[in-house]
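When the letters of the sequence shown are read in order and numbered with my numbering, they come out as residues 1 to 68.
A few of these clues could be false.
[Said to hold, decoys possible] Quick list of the computed label-pair ranges, beta carbon to beta carbon:
1. Gly-22 / Asp-2: 30 to 38 Å
2. Gly-30 / His-6: 14 to 22 Å
3. Gly-44 / Gly-22: 32 to 40 Å
Because the hints were derived from the structure by calculation, they are not lab data. Backbone N, C-alpha and C fix where the C-beta goes; we use that ideal spot for every residue, glycine too.
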Amino acid sequence: MDALTHCKAMEAFCRQWARMEGEAADFWLGEAQLWRDRQAAVAGKPKRAPARTAPAQTAKVRSRKVAS
1 MDALTHCKAM EAFCRQWARM EGEAADFWLG EAQLWRDRQA AVAGKPKRAP ARTAPAQTAK
61 VRSRKVAS
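All chains, please: the whole structure from these sequences, using the hints.
Have a look at this one:
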């Protein structure tokens, strides 16, 4: 399997886990974004700007980190 195909497969895998995980979906979507960035690097495309996180999601993530 070539590197580009591997990156695409891993991105799809992470997105599938995000659909199943519920609370940990943010983690898996972040992993999927990392694989998409790796895929762009392998293909020689420039990296796109990171997606913005909604304020409600940021507060949720911060409160989860504090509670841990």
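Cross-check of the supplied hints:
1. Roughly 33 Å separates the CB atoms of Gly-22 and Asp-2, a value that falls within the hinted 30 to 38 Å.
2. At about 19 Å, the CB distance of Gly-30 to His-6 agrees with the hint of 14 to 22 Å.
3. Range check, Gly-44 to Gly-22: about 36 Å between beta-carbon atoms, so the 32 to 40 Å window is met.
The structure agrees with every numbered hint stated previously.
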